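Protein chains in written order, with my numbering: chain A, 1 to 402; chain H, 1 to 306.
Just so you know, the hints here were simulated from the structure itself, not pulled from any lab data. Treat the hints with caution; some may be incorrect.
DSS-like cross-link-like pairs, simulated, lysine-lysine; straight-line CA separation at most 30 Å [unchecked claim]:
id: 1; chain 1: H; residue 1: 138; chain 2: A; residue 2: 112
id: 2; chain 1: H; residue 1: 9; chain 2: A; residue 2: 13
id: 3; chain 1: A; residue 1: 314; chain 2: H; residue 2: 44
id: 4; chain 1: A; residue 1: 379; chain 2: H; residue 2: 7
id: 5; chain 1: A; residue 1: 278; chain 2: H; residue 2: 9
id: 6; chain 1: A; residue 1: 379; chain 2: H; residue 2: 284
id: 7; chain 1: A; residue 1: 314; chain 2: H; residue 2: 155
id: 8; chain 1: A; residue 1: 379; chain 2: H; residue 2: 16
id: 9; chain 1: A; residue 1: 192; chain 2: A; residue 2: 278
id: 10; chain 1: H; residue 1: 7; chain 2: A; residue 2: 207
id: 11; chain 1: H; residue 1: 44; chain 2: A; residue 2: 278
Please read these numbers as outputs of a predicted model, since none were measured by experiment.
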Amino acid sequence: MPDIYLDNNATTKVDSAVVDVMIPFFTEQFGNPSSIHRFADGVAQALKHARRQVQALIGAEHDSEIIFTSCGTESDSTAILSAIKAQPNRKEIITTMVEHPAILSLCENLEKEGYTIHRLPVDKCGRLNLESYKNMLSDQVAIVSVMWANNETGTIFPVVEMAELASAAGVMFHTDAVQAVGKIPMMLQDTKIDMLSISGHKLHAPKGIGVLYLRRGTRFRPLLRGGHQERGRRAGTENTASIVGLGKACELALEYMEYENIQVKAMRDHLEQGLVEKIPHCFITGDLNNRLPNTTDIAFEYIEGEAILMMLSKAGIAASSGSACTSGSLEPSHVMRAMQIPYTAAHGTIRFSFSRYNTMSDVDDVLNIMPQIVATLRKLSPYWEGDGPVANPEQAFQPTFA
Amino acid sequence: MWDYSDKVKDHFFNPKNAGAVVGANAIGEVGSISCGDALRLTLKVNETTEIIEDAGFQTFGCGSAIASSSVLTEIIKGMTIDDALKVTNQDIAKELDGLPPEKMHCSVMGREALQAAIANFRGVEWKDDHEEGALICKCFAVDAVMIEEMVWANKLRTVEDVTNFTKAGGGCAACHEDIEAILERVLKERGETFDPQAASLPKVEAKVEKKPMTNLQRIKKIEDVLNSLRPQLMADGGDVELVEVVGNTAYVNMTGACNGCQMAAMTIAGIQQRLMEVLGEFIKVVPASEMPKPEKLVNIEGISHA
Ligand SMILES: Cc1ncc(COP(=O)(O)O)c(C=O)c1O
């Protein structure tokens, strides 16, 4: 049975070169970077090196703009809570309907505390309307938080342009770039982005390490106060091994950037073209002309995603789904709903996300098995009959909904 | 992913009675708005004996929805419709060796399709009497609608009230924030404000009136449950032994193949779920190795600096 991992937007395998550089920091150089003895020798130096590696990947102007955190979620929370604390008179936040829960749940919570949250809608291809965004910017807005790339569809938002507009209106701009960093090139020093979130485990570093990029001069209030670590901006003894690992992972991501955007993209393209050709009644979601090179999200109509995943998993293939049933939540993915994908399709969305570890033969294996899986499940579906959907599927089958 | 039983997987990968029955005279079509699953059940009922001679299902839904549909058709084939109407969603779940709490609604959908099909056979209109909301309490599988109804019906004011009336929140307590949000909303509609410090209703009024178990009764019941699970564990070359019960914590030893097996944690979670269902109270199952050691008495030699 093959063993094919196509769920790299959920998390990635830690690169073995990353593991190698981390090990000494568990067993030999395990000292606290603030200590003055031989166990801490070189630790502070290693952290500085890692900071520079992160800086290089995102094109930050200064290495002191890199703050290590415990994960992408912490970076997101820190950014938004800092902005509202530093500007107590501004009671509005602009974000989008398709952000990760790390942003959306936080905003929902702030709404209860009296903040006004503007959630930009997207069109059927997952794109934002910049005109309506412009009209929302005002001196009441504490921060704009818009993801660089969507975790489900890979759709890229024009954050560089949006940050310029925010800056012109005197509004802080944060981007959750957890899915974008390492997959597409960026040069933050040439932008007006004030804050940016990174999560290590999406780019072959371990889980539980993240970064908040904080542009020099941006007003800031820490989430965690305590020791002087990270120049007092994020207290808590540094996760040295993971920081060193993340640094290495960033260096590798930079090295593989071209590979990601040519070879990895070619695998993705081959897979989605093959699937759309071989399987009737399926379509790719998101903005096809403006996506991460590694992600494809395909809606297989009239069947349900979890059932597809179970069959894929039995065949040795790992992917994920926007279906309600896989998350334990009751709604299909908020991203699919925001794009107004009909529910008979939204429930059957499967995301395949690649990394540099995949091969073309992985793609061929998926192309071989997938048509059969879809056909098997469609045979069970009340919306399907013989070789196609029943006529007027949504009228032909109208269950009483409880 | 979900911790599905082998039965669920078997019915999913090898569904029984898939497809529509030709010449069906009883059709039930229901869906669960909450998760988007939908099911069409077609039955062929003998007009004179009222025995279900054939059953088929078509399901748009996840693994457990398909498995629930499949097992339902197996259960009801050969039954009279009167007997079939007695099949509960618990029966469906039991036949599948259990479903994760988030997935119990799949078995509810199965039962509803059956009721709808029989109503269709009898020429009456089927009305759904139950509404389903987001799952709030995962320990006891209680959803938002249920909590809301109870808050309205019994004028509940505190999280403790809600726990007394619905069990929700009586386990791990992680859902208390969500329960407070429901209380806040309903109390506001009632023109009151939620006060976390408010006194709870006297417990005697509680609907789920239950005498607390003595520890001995509890231990006996736990033993019963473990005995009922034993054949399944032994089939996998393992076994379980009850070591000690302290309050609501049961310490067990996993032996044989279960010991050190990666699945041990999952097995323990399964045992815990089963215990909570049977005992109707929160039970924590912990490996005996994690049992707190009795504090060692240190004598004077022990602390001497010799
Ligand atoms: C877009 C986005 N933001 C934030 C996160 C959260 O990152 P972490 O798991 O490091 O908290 C994720 C990952 O799931 C993500 O995809």
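Q. Which of the numbered hints above does this structure break?
A. Numbers 3, 6, 7, 9, 10, 11, in rising order.
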